[in-house]
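Protein chains: 2
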Amino acid sequence: MDSAYDVAAIGNAIVDILARVEEPLLAELGVEKGIMTLVDAERSDAIYSRLPPAVEVSGGSAANTAAGIASLGGKVGFIGKVKNDQLGAVFRHDLTSLGVHFPTAAAVEAAPTARCMIMVTPDAQRTMQTYLGACVELTPADVDEALISGAQVTYLEGYLWDRPEAKEAFLKAAALAHKAGRKVALSLSDPFCVERHRDSFMTLLADHVDLVFANEAELTALYRTDLDQALSAVRAHVELAAVTRGEHGSTVVTKGGTVTVPAEPVQRLVDTTGAGDLYAAGFLYAYTHGRDAALCARTGGICAAEVISHMGPRPETNLARLVESTLSAV
Amino acid sequence: MDSAYDVAAIGNAIVDILARVEEPLLAELGVEKGIMTLVDAERSDAIYSRLPPAVEVSGGSAANTAAGIASLGGKVGFIGKVKNDQLGAVFRHDLTSLGVHFPTAAAVEAAPTARCMIMVTPDAQRTMQTYLGACVELTPADVDEALISGAQVTYLEGYLWDRPEAKEAFLKAAALAHKAGRKVALSLSDPFCVERHRDSFMTLLADHVDLVFANEAELTALYRTDLDQALSAVRAHVELAAVTRGEHGSTVVTKGGTVTVPAEPVQRLVDTTGAGDLYAAGFLYAYTHGRDAALCARTGGICAAEVISHMGPRPETNLARLVESTLSAV
Numbered sequence: 026m027d028s029a030y031d032v033a034a035i036g037n038a039i040v041d042i043l044a045r046v047e048e049p050l051l052a053e054l055g056v057e058k059g060i061m062t063l064v065d066a067e068r069s070d071a072i073y074s075r076l077p078p079a080v081e082v083s084g085g086s087a088a089n090t091a092a093g094i095a096s097l098g099g100k101v102g103f104i105g106k107v108k109n110d111q112l113g114a115v116f117r118h119d120l121t122s123l124g125v126h127f128p129t130a131a132a133v134e135a136a137p138t139a140r141c142m143i144m145v146t147p148d149a150q151r152t153m154q155t156y157l158g159a160c161v162e163l164t165p166a167d168v169d170e171a172l173i174s175g176a177q178v179t180y181l182e183g184y185l186w187d188r189p190e191a192k193e194a195f196l197k198a199a200a201l202a203h204k205a206g207r208k209v210a211l212s213l214s215d216p217f218c219v220e221r222h223r224d225s226f227m228t229l230l231a232d233h234v235d236l237v238f239a240n241e242a243e244l245t246a247l248y249r250t251d252l253d254q255a256l257s258a259v260r261a262h263v264e265l266a267a268v269t270r271g272e273h274g275s276t277v278v279t280k281g282g283t284v285t286v287p288a289e290p291v292q293r294l295v296d297t298t299g300a301g302d303l304y305a306a307g308f309l310y311a312y313t314h315g316r317d318a319a320l321c322a323r324t325g326g327i328c329a330a331e332v333i334s335h336m337g338p339r340p341e342t343n344l345a346r347l348v349e350s351t352l353s354a355v
Numbered sequence: 026m027d028s029a030y031d032v033a034a035i036g037n038a039i040v041d042i043l044a045r046v047e048e049p050l051l052a053e054l055g056v057e058k059g060i061m062t063l064v065d066a067e068r069s070d071a072i073y074s075r076l077p078p079a080v081e082v083s084g085g086s087a088a089n090t091a092a093g094i095a096s097l098g099g100k101v102g103f104i105g106k107v108k109n110d111q112l113g114a115v116f117r118h119d120l121t122s123l124g125v126h127f128p129t130a131a132a133v134e135a136a137p138t139a140r141c142m143i144m145v146t147p148d149a150q151r152t153m154q155t156y157l158g159a160c161v162e163l164t165p166a167d168v169d170e171a172l173i174s175g176a177q178v179t180y181l182e183g184y185l186w187d188r189p190e191a192k193e194a195f196l197k198a199a200a201l202a203h204k205a206g207r208k209v210a211l212s213l214s215d216p217f218c219v220e221r222h223r224d225s226f227m228t229l230l231a232d233h234v235d236l237v238f239a240n241e242a243e244l245t246a247l248y249r250t251d252l253d254q255a256l257s258a259v260r261a262h263v264e265l266a267a268v269t270r271g272e273h274g275s276t277v278v279t280k281g282g283t284v285t286v287p288a289e290p291v292q293r294l295v296d297t298t299g300a301g302d303l304y305a306a307g308f309l310y311a312y313t314h315g316r317d318a319a320l321c322a323r324t325g326g327i328c329a330a331e332v333i334s335h336m337g338p339r340p341e342t343n344l345a346r347l348v349e350s351t352l353s354a355v
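For the protein sequence lines, the chains are A and B, in the order given. In this text, residue positions in the first sequence follow the numbering used here: the first is 26, and each later residue adds one. In this text, residue positions in the second sequence follow the numbering used here: the first is 26, and each later residue adds one.
Don't take every hint at face value.
Since the list gives no way to pick one copy over another, a pair counts as held whenever it fits inside one copy or between any two copies.
[To be verified] Once the Cα atoms are required to be at most 25 Å apart in a straight line, the calculated SDA-like pairs of lysine to any residue come out as:
| # | residue 1 | residue 2 |
| --- | --- | --- |
| 1 | K58 | R316 |
| 2 | K204 | T146 |
| 3 | K192 | G206 |
| 4 | K208 | A258 |
| 5 | K58 | N343 |
| 6 | K280 | A345 |
| 7 | K58 | T245 |
| 8 | K208 | D27 |
In case anyone wonders, no lab produced these hints; they're calculated from the structure.
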């Protein structure tokens, strides 16, 4: 079927504030290591005031995936809400300068553009504190019908499930996609996000989702069992599940079988922020270009390896060239 | 003499927008490579729209120097104008979280916080386009008398000379410093800045400045002659001149003589942004701690080597530890 876009991504539009911190600061701040926590404006300010000098980079899980797909040469659109403020302009610039179609109007009367404080510890783990700001203004009206029905895959981040209006937007997008004969993909986002929404995620997978992206912790949190049993369980729910497993690579489960692809070598692990997002970018780019599961997983792994070798959640290399040279190397 | 601060720095309060670009883009944009150009809001937007995804980091020449001095463990204050907007908050956070005293109130009714688009080419050279925004609100009233008279050295960036009110603030600070028996230091900032203000810089050096920081291009632009003659000329004007010469290290000229210190080795040259600012940081920290000219220059060189080994104009390493370990290595 003809399609104007490979992927339409929907998610929170966030600017990341990245800081390198030492382990003890996490305890002092009382934040849970390795996961994403939602905070209000006051708590966000309190944490920020304790951070060392930082760097601002556009982020947001599905937006990172969209940026990755664009860097791979894919046709991609993004739906998400910023405010018409400085960080909103930064977010829009960083996405559209890659060629990502971004039709969502900025909010005028709203909280500021969302920020996520990402504390990167010396072990390259990231701990995230998100102030959603203007993201809470995302509603079903923002779901661009032309984009969704013109995209082979509509990709949704699980984080959207934290808010009722975003949830409605999410379901509207899924319905539009399926009506147009397209696929719906979901990222489970975070084990705590899964815990918060376990039952509705189960229903979602069974009723609305074709492709699911998760890491090991998220998938086992969803099914409250070990990895093997979770892989069997998810096979009954969706057409395809791509499960990332850190240094063990990734496993793709379909009705037809299971394929595991080893992790790509990483010269120096610097910051794991964006690993899952860029895996999804590589996977979806290959998927929408007709590749088999193994090659989709391999492409995802190459993109993930790039993003964890430097600070920040978006590629610093032209991914199209990187994937081509990696795949053609003997 | 007792002093509350080692250094009081005064300069433009700027957030940098750093992007890696290929050489041809500079020509397409019609920007002059390697120098700083002032642009208005419209031109700034036009250039920004042509840049690839970027990273936002606090910058500003004298502010970078202040950050460096704080990282070295020095007591330092900064005077400069942001607006009370998102980038202004980022600028303030990044400076104060290092322990820099920053008494200047944010402007409420003003253009947005200043931004400098820094295009870094593959040869690690940086080309800067600055939109001064709220910086134009800096006036003599912002010169904090307690800070200036309590600091051993008041350090001024030459870029301030581009605006009449900032110039007045500059002269007020110099007068306050001298009245308190302190030293006044000036950075010449940029060869084109020197060209714009050549005559008044000459007067300034002769009448108000004790220590001058410049690179080779700036010093020879000032005296319109070769390096040797420029070094002789500047000796007659100031007590001390520290002249950076890239891979040739730096030369310090005083009434008592001339000392040249070789450049510190750099593993990988990534981005020269902040090289001069961090040289001044190291130099001034050592100077205000009673070190001789050679050790001041060496300390400056170590700090400059750190900042050019990564993207961005501020140190990513604890400079106190870096300088200590470098100087104690055999």
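Run the structure past the numbered hints and jot down the numbers of the failing ones, going up. 1, 2, 6
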